[in-house]
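A.B. asks: Sequence:
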Amino acid sequence: IEGSQNGWAETSLKATDWIAIANSVKSWNETLASRLAAIPEKPPARAMDWAYYKANAGKAGLVDGFERKCEKLCLVFASPKTRTEESEKKPEKMKNIIPFDQMTIEDLNQVLPETKLDKKYPCWPHGPIESL
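The numbering of the sequence shown is the numbering used here, which starts it at 57 and goes up by one.
Don't read these hints as lab results, they were simulated from the structure. Fair warning: there could be bad hints in the mix.
[Claimed, not checked] Under the rule of at most 20 Å between Cα atoms (straight-line distance), these lysine to any residue pairs were calculated in the SDA-like manner:
no., residue 1, residue 2
1, Lys172, Gln158
2, Lys110, Phe122
3, Lys172, His182
4, Lys151, Glu162
5, Lys115, Glu97
6, Lys128, Gly114
7, Lys175, Asp157
8, Lys175, Gln158
9, Lys149, Cys126
10, Lys176, Glu186
11, Lys149, Lys175
12, Lys110, Ala94
13, Lys110, Cys126
14, Lys115, Asp105
15, Lys151, Thr171
16, Lys176, Ser187
17, Lys149, Lys128
Note that the structure is predicted; figures quoted are calculated from it, not measured.
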């Protein structure tokens, strides 16, 4: 290109060092793999003294709610092995369904009844606005 002594034309001709990039990605992969291997399969037990909080909380039932939420949260962050075992226990019905892109609305409602729209509230939010 005329008139560009040190312009973009010369810089675009520089070679990319793909070997250095590959080595960088490989080392980053090894770093992440070692970090993942260092994480324990089961998270450390959290010693919450729920009885203490129940005795000292000002509002009755508040601590019970937090305890239930904490237990649900612990289930969400279950180990990958536990999640894999749960996914392997899917009912046979889900393993043998037809592909979603070939389903009709009736097929979808039969396989997943929670997707069936309520006749009283067929449009979003599928319930009274007061409940939002």
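A.B. asks: Would you mind marking each hint as holding or not holding in the structure?
C.D. replies: Now for the hints, and whether the structure bears them out:
Proposed proximity of Lys172 and Gln158 is supported: the alpha carbons are some 17 Å apart, at most 20 Å. Note on Lys110 and Phe122: the hinted pairing holds, with a Cα-Cα distance of about 10 Å set against a maximum of 20 Å. Straight-line distance between C-alpha atoms of Lys172 and His182 comes to about 10 Å, which keeps the hinted pair within the 20 Å bound. Taken as a hint, the Lys151 and Glu162 pair is honoured in the structure, with Cα atoms around 18 Å apart against an allowance of 20 Å.
Among the hinted pairs, Lys115 with Glu97 is inconsistent with the structure: their alpha-carbon atoms are about 36 Å apart, more than 20 Å. For the suggested pair Lys128 and Gly114, the alpha carbons sit about 24 Å apart, so the restraint of at most 20 Å is broken. The hinted pair formed by Lys175 and Asp157 fails the criterion: a straight-line CA distance of about 24 Å is larger than 20 Å. Between Lys175 and Gln158 the alpha-carbon distance is near 24 Å, which puts this suggested pair outside the 20 Å criterion.
Taking the CA atoms of Lys149 and Cys126, the gap is about 32 Å. The hint is violated against a cut of 20 Å. For a cut-off of 20 Å, the pair hint linking Lys176 to Glu186 stands: about 15 Å separates their Cα positions. The hinted pair formed by Lys149 and Lys175 fails the criterion: a straight-line CA distance of about 26 Å is larger than 20 Å. A hinted pair counts as satisfied when its Cα atoms are at most 20 Å apart, and Lys110 with Ala94 does not qualify at roughly 36 Å.
The suggested pairing of Lys110 with Cys126 holds, with an alpha-carbon distance near 15 Å, which does not exceed 20 Å. For the proposed pair Lys115 and Asp105, the alpha carbon gap of about 17 Å is at most 20 Å, so the pair holds. Restraint check: the Cα-Cα separation between Lys151 and Thr171 comes to about 18 Å, which is no more than 20 Å; the hinted pair holds. Annotation: proposed proximity of Lys176 to Ser187 holds, straight-line Cα distance about 14 Å (limit 20 Å).
A hinted pair counts as satisfied when its Cα atoms are at most 20 Å apart, and Lys149 with Lys128 does not qualify at roughly 26 Å.
Checked against the numbered hints listed earlier, the structure breaks hints 5, 6, 7, 8, 9, 11, 12 and 17; every other hint is satisfied.
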